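In the order they appear, the protein sequences are chains A and B. Letter 38 of the first sequence, counting from 1, is numbered 38 in my numbering, and no numbers are missing. Letter 21 of the second sequence, counting from 1, is numbered 21 in my numbering, and no numbers are missing.
Calculated directly from the structure, the hints in this document are not laboratory data. Predicted, not measured: the structure shown is a model, and the values here were computed from it. Fair warning: there could be bad hints in the mix.
[Claimed, not checked] List of simulated lysine-lysine pairs, DSBU-like, C-alpha gap at most 35 Å:
1. A:K82 - A:K13
2. A:K13 - B:K13
3. B:K82 - A:K82
4. B:K13 - B:K82
5. A:K82 - B:K13
6. B:K82 - A:K13
[Unchecked claim] Listed next, the stretches of chain B that the computed footprint assigns to chain A, with coverage defined by at least 3 CB atoms under 8 Å from CB atoms of chain A:
7. 4–13
8. 82–95
No residue lacks a Cβ here, since even glycine has one placed at the ideal position from N, Cα and C.
Number of protein chains: 2
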Amino acid sequence: MSDPAEGLRAFQKQIERVYLERDRARGWERTFVWFAEEVGELARALHRTDEENLKEEFADVAAWLVTLASIRGIDLGEAAAKYTDGCPRCHGTPCRCPEK
Amino acid sequence: MSDPAEGLRAFQKQIERVYLERDRARGWERTFVWFAEEVGELARALHRTDEENLKEEFADVAAWLVTLASIRGIDLGEAAAKYTDGCPRCHGTPCRCPEK
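So here's chain A without its partners, still in its complex pose:
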């Protein structure tokens, strides 16, 4: 099993190879709009029973999220390190925070 934070970085790097040049030229504002559209498609897929489509929409939201992070210069591997040792608030695995 690879390191979770490093794993997220690997996914981000792959999406960068495929999309970053174009996404960066578009800018983060319009890229956020694409991301939001995909979130809407995910919401619709969650209401349905087409598992293949649901899987696709989760992947698409993940891809738009990481490309948005790349445009803004955020290393998601570094960002995700906050979850490496359990819940960042209570430090538990599983989380033992009181439900908000």
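The hints should help you fit chain B onto chain A, whose structure is shown.
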């Protein structure tokens, strides 16, 4: 560099260890509301200049997205494999699809 799809799965597994039991008990509908709240926090962070906060919000959206996938039984590693060989539409790295 780890495999991008396997990397995303590793991140998902870590979030499952920390949060899945509680998130599953809450159900996907209310978990989606938490996810949407985090997307709003990300939008706010994108407008600001606090890089540390921006990093946190990207990580939080990623965490809520993957826990939502787990509740619905979606393996994000499998889902993300659609991006492993470049753009799923034009198969290019980089993507050469005409901009929509």
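Against the structure, the hints come out as follows:
The hinted pair formed by A:K82 and A:K13 meets the criterion: a straight-line CA distance of about 19 Å does not exceed 35 Å. For the suggested pair A:K13 and B:K13, the alpha carbons sit about 20 Å apart, so the restraint of at most 35 Å is met. The straight-line distance between the Cα atoms of B:K82 and A:K82 is roughly 27 Å, inside the 35 Å bound, and the hint therefore holds. Pair hint B:K13 plus B:K82 holds up; C-alpha atoms about 19 Å apart against a cutoff of 35 Å.
Of the supplied pair hints, the one linking A:K82 and B:K13 holds, its CA atoms being roughly 15 Å apart against a limit of 35 Å. Between B:K82 and A:K13 the alpha-carbon distance is near 15 Å, which keeps this suggested pair within the 35 Å criterion. Three residues within the 8 Å Cβ limit are the bar, and the segment 4–13 of chain B against chain A gives 9, so the coverage statement holds. Coverage of the segment 82–95 of chain B by chain A holds. Counting CB-CB distances below 8 Å, 9 residues qualify, and the rule asks for three or more.
Every hint, counting from the list given before, is met by this structure.
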